[in-house]
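Sequences and hints are given; from them, build the entire structure.
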Amino acid sequence: MRVGVVCPYSFDTPGGVQNHVLGLAAHLRTQGHDPFILAPGDLDDADPWQAQFRSSFTSAGSAIAVPYNGSVARVNFGPLSAARVRRWLRQGDFDLVHIHEPITPSIAVLALWASEAPVVATFHTATPRSRTMQLAGGTMRASIE
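Just so we're on the same page, this note's numbering is the position in the sequence shown counted from 1, plus 3.
Worth flagging that the hints you see were computed from the coordinates, not collected in a lab. If a hint is listed, it holds; no wrong ones were tucked in.
Label pairs and their in silico Cβ distance ranges: (1) H127 x D50: 19 to 25 Å; (2) E119 x H36: 18 to 24 Å; (3) W116 x P17: 26 to 32 Å; (4) D15 x Q55: 16 to 22 Å.
Small disclaimer: the values here were computed from a predicted structure and weren't measured. All C-beta atoms in this analysis are idealised placements derived from N, C-alpha and C, irrespective of residue type, glycine included.
Laid out in structure tokens, this is it:
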């Protein structure tokens, strides 16, 4: 199965979600699937763990630092990002798209809105008191249902 894996956070900055995405992609390979990763930033080719994904990694472009959920998220969003997401989805012809943090204002939500393939999602954070999520709750709830 061709699986598109979307990570909202930049690979230029190490993080748990990025490592989880790579671990998932590695596991999918062992099960005979073909995972393809879309994320902001770029892989570190000096790191053998990351370098093994070079041929299946697509950069969504550079990221900007945004305070989010008590931390700083380095994400990518906007018209150029939306075009990159749509092109990646179209060219990937995925059987399934796995989106990490699908309601984070980033390429993740853009992929959620643009995917014509079935979507599964992983939520890595809890945001019950997020003002952003309270304001956008209805729109996001409809998108993930």
